[in-house]
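Undergrad: Construct all of the structure, not just a fragment, from the sequences and the given hints.
Protein chains: 2
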Amino acid sequence: MAKHPQQKIDQHYLQLIIFSLGVLLWFTPVPEGLRPEAWQLLSIFIVTILSVIIKALSLFTSSILALSVAVLTGLLTPEQAYSGFSEDFILLILVALLIARGVIKSGLGKRIAFIIIKKIGKSSLGLSYSIILADIFIAPAFPSNTARSGVLYPIINALAHDNDSRVADGTRKKLGSFLMMSSMAGLTLSSTLWLTAMVANPAGAAMAKKFGIEITFASWALAASLPVIILFLLIPWLICKVYPPEVKQTPEAPIIAQDVLLHMGKFHKNEWIMSITFILIVFLWSMSEYWGINKTAVALLGVGILMMTNIFTLDDMKQEGGALETLIWFAILFTLSAYLNKFGFMEWAGTHISDNLIGFSWPIVYVGLIIGYVLMHYFFVSQTAHMLALFGIFLETGINAGVPGELMALMLLFATNFSAIIAPQGSSANVIFAGSGYMEADEIYKIGGIITAVNTFIFLTLGTSWILLIM
Amino acid sequence: MAKHPQQKIDQHYLQLIIFSLGVLLWFTPVPEGLRPEAWQLLSIFIVTILSVIIKALSLFTSSILALSVAVLTGLLTPEQAYSGFSEDFILLILVALLIARGVIKSGLGKRIAFIIIKKIGKSSLGLSYSIILADIFIAPAFPSNTARSGVLYPIINALAHDNDSRVADGTRKKLGSFLMMSSMAGLTLSSTLWLTAMVANPAGAAMAKKFGIEITFASWALAASLPVIILFLLIPWLICKVYPPEVKQTPEAPIIAQDVLLHMGKFHKNEWIMSITFILIVFLWSMSEYWGINKTAVALLGVGILMMTNIFTLDDMKQEGGALETLIWFAILFTLSAYLNKFGFMEWAGTHISDNLIGFSWPIVYVGLIIGYVLMHYFFVSQTAHMLALFGIFLETGINAGVPGELMALMLLFATNFSAIIAPQGSSANVIFAGSGYMEADEIYKIGGIITAVNTFIFLTLGTSWILLIM
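Chains as they are written, first to last, in this note's numbering: chain A, 1 to 471; chain B, 472 to 942.
Some clues are possibly wrong.
[To be verified] Derived pair list, reagent style PhoX-like, types lysine-lysine, alpha-carbon separation capped at 25 Å:
| id | chain 1 | residue 1 | chain 2 | residue 2 |
| --- | --- | --- | --- | --- |
| 1 | B | K789 | A | K105 |
| 2 | B | K719 | A | K318 |
| 3 | A | K173 | B | K789 |
| 4 | A | K266 | A | K118 |
| 5 | A | K446 | A | K174 |
| 6 | A | K174 | B | K789 |
| 7 | B | K712 | B | K645 |
| 8 | B | K789 | A | K318 |
| 9 | B | K681 | B | K589 |
| 10 | A | K318 | B | K576 |
| 11 | B | K719 | B | K917 |
| 12 | B | K719 | B | K581 |
| 13 | B | K593 | B | K789 |
| 14 | B | K581 | B | K593 |
| 15 | A | K318 | B | K645 |
| 16 | A | K110 | B | K789 |
Just so you know, these hints were derived from the structure itself, not from any lab.
TA: Written out as structure tokens, the structure reads:
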């Protein structure tokens, strides 16, 4: 895709500006209490993210340049720098992308997509509500939102694909972009609703116990229920306004779908193999936390089966450069964020936010802490890392200022989930969608930012009143 | 590419046989002195490699299944299993593959290819000699054969590409397959010739010093010179016999090339950018050992520049699924081999080979040790790992049996290099060629096996006499 020359020049100006900013930040005197390496890595991280938001660079280009600079300046050792590439859950996303391709290639995706369209395909908004609802229903039995995104994605991808909304031919915005964005937003809600819907949730509940705060599956679900229900109703409608699908109403779609399904005839052999493999994978994923099975190994086994049965072939693999792109940028951003944390920046910033709130009345401290906690998610590439780094400090500050402990704890844990869409790399559950090509990175920053703001607003107002009422 | 049904059934039979063999091996009583986990991992490793050689599975499929089984059976922890993905030199290969694509896309590859064809393009054999000679000349200043393969590959790839020998359209055997195989064979020779042409060479020389054996740059080069010169003359001719290019003579090629070059006109902007970037990368690579620069970070910087200048784009990246495939199988085989070593198999096998040779006269011990050392390379996915694991044991056994120390040490270090082509994963320098698609994995096993046998034979006969003469 050739770019307009003017646009190219503009982009080079933007690159120059953002690199100058980076150099400036790097050589700015280090704030007190911060290690120089934390400050330098922060400079790199800010430039990386900003250059994506202002479209000076793609997520891929900014990430590889960032890692290169971090290594060549000696800020990170090679071992540290490349450690993200062997992270279990990052490889899980990579392999899940391959499985999703198998779902389409086998014809199973097409069939499922047309069955869904036949039943509820009259409007794009209806489709999006149905997907989120399905996610919310399976979530309590699925303690990994990454795996859940790996289950939902192939179906959504097929839905978009078979509604003639594709990345390759420039029709991504017809339906696919909208559905992907909605599902990503839906995952923040399903993870917020259930104690068992995200790995960091029970870990956070256990940490709260040390502060004498008891959080059970039922008390969590009750506290989250009202704000999540309101947001469930609100968010797809909102996305439909701010990031609309080009096709909103498709009254004839169910009739066409019925026709296509008739022509497809009975389940083909490849669809059977794909169905059984997919059910096997999903079953083992949902059991993985209880049986101690590694989800990535299960996914690899699945791809192995698809390869042996020629559903997914080496020729298909050659087309999967997009999966490689996703692996590279996500592994790099994960590493940068992890070392920002290890170098002490997260704790420093958390303490700073806390310190600045001392002396105010508890409602102000409470709101300040939650907003600070949400904004800090820009620096995190893992919800669990975010929770582990900041939950303790923020909870303690809140309790000391007089915020009711249960309210503070619950709201911080909810925020760990509902802020996940603030950036493409904000959750491993986002990444498979962000890697699909249906949404551009700067779009996720913008729309994800709006959704996070609305999530935060509803939770701070309605959610807080509700929790205080039932507490 | 649809397969003949009969062929498919045959392949499934082969898969069944090889999996049964794996199960059988796994449950065979563990040989004395070997830890059960070493034996089980060995079963997996043997099945993985055999299934590729007999074409029951592709290298990719067999690797992912192997890793999946290793993790699901609890033989490797997830951390151990995925560790290969963050190995510095493995990522270097991945990024080098992207740079190679930039060389072609910029038009620079085409120009270099046609300049070479114009000068020496009358025969495929002539081309192959020239490439190996170029490699041998740059090798002493290039202590990483991986980086050297990253320098040669883009040019060879362009040479094949612009001689209408491509992977995608089934013309790989016209010229490309032959050139890639020759270059891989050439790399074993260039690495054998110079003390400074491969990272494990000086490390091995340092280890030899502990046995009182002094090896200098000059004594190494002198000892290696005669057998390497003979093999340099012999190997390309041999490959031309056993793995012939479909087009051998192209008398009109230089004329066509001159014509094309005339039409190409002056260096274009993209060619300038690519040249400067490539020279920068190669310069920093060649300095990396002295200046302590990380080669992978340099390569990432190079890709970053190519991205910013739109020589390599995100659309190109989408086509790079082959690079992902290479990353996956190589990282997995590397990990399996590393843990085969950590679990003690390599030491056990090395000691076994040594013990069985005790009591024989020194020439028999010497030949036995060298052949054993070469064959053991089937289990190694890194020349350095091979040297580190077995050099000490084998050298000691040889010296104790009366083999002249210098002969034993030099020959083992030479063998570390000349056996590298025994398998696609035998050296990180192979992998970029093996990942090109120009050669199938089973072809590399077969032709690489022949080349290794000839290398070993010449070194054991002529090479040994020569070293004894000059010692």
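Undergrad: Hints first: check each against the structure and report whether it holds.
TA: Cross-check of the supplied hints:
1. For the given pair, K789 (chain B) sits about 18 Å from K105 (chain A) by alpha-carbon distance, which is consistent with the 25 Å threshold.
2. With a CA separation close to 29 Å, the supplied pair K719 (chain B) and K318 (chain A) exceeds the 25 Å bound.
3. The straight-line distance between the Cα atoms of K173 (chain A) and K789 (chain B) is roughly 19 Å, inside the 25 Å bound, and the hint therefore holds.
4. Distance check on the hinted pair: K266 (chain A) and K118 (chain A) sit about 17 Å apart at the alpha-carbon level, within 25 Å; holds.
5. Distance check on the hinted pair: K446 (chain A) and K174 (chain A) sit about 19 Å apart at the alpha-carbon level, within 25 Å; holds.
6. Restraint check: the Cα-Cα separation between K174 (chain A) and K789 (chain B) comes to about 21 Å, which is no more than 25 Å; the hinted pair holds.
7. A C-alpha spacing of about 14 Å is found between K712 (chain B) and K645 (chain B), which places the hinted pair at or below 25 Å, so the restraint holds.
8. Proximity of K789 (chain B) to K318 (chain A) is assessed by CA-CA distance (about 9 Å); at most 25 Å being required, the pair is judged to hold.
9. Between K681 (chain B) and K589 (chain B), the direct Cα distance comes to roughly 51 Å. Violation of the 25 Å bound is thereby established for this hinted pair.
10. Between K318 (chain A) and K576 (chain B) the CA atoms are separated by roughly 18 Å; this keeps the pair inside 25 Å, and the hint holds.
11. Proposed proximity of K719 (chain B) and K917 (chain B) is supported: the alpha carbons are some 21 Å apart, at most 25 Å.
12. At most 25 Å may separate the alpha-carbon atoms for a hinted pair to count; K719 (chain B) and K581 (chain B) meet this at roughly 20 Å.
13. With a C-alpha separation of about 36 Å, the suggested pair K593 (chain B) and K789 (chain B) falls outside the 25 Å cut-off, and the hint is violated.
14. As the CA atoms of K581 (chain B) and K593 (chain B) are separated by approximately 17 Å, the hinted pair is consistent with the 25 Å bound.
15. With a C-alpha separation of about 21 Å, the suggested pairing of K318 (chain A) with K645 (chain B) holds against the 25 Å cut-off.
16. A C-alpha spacing of about 23 Å is found between K110 (chain A) and K789 (chain B), which places the hinted pair at or below 25 Å, so the restraint holds.
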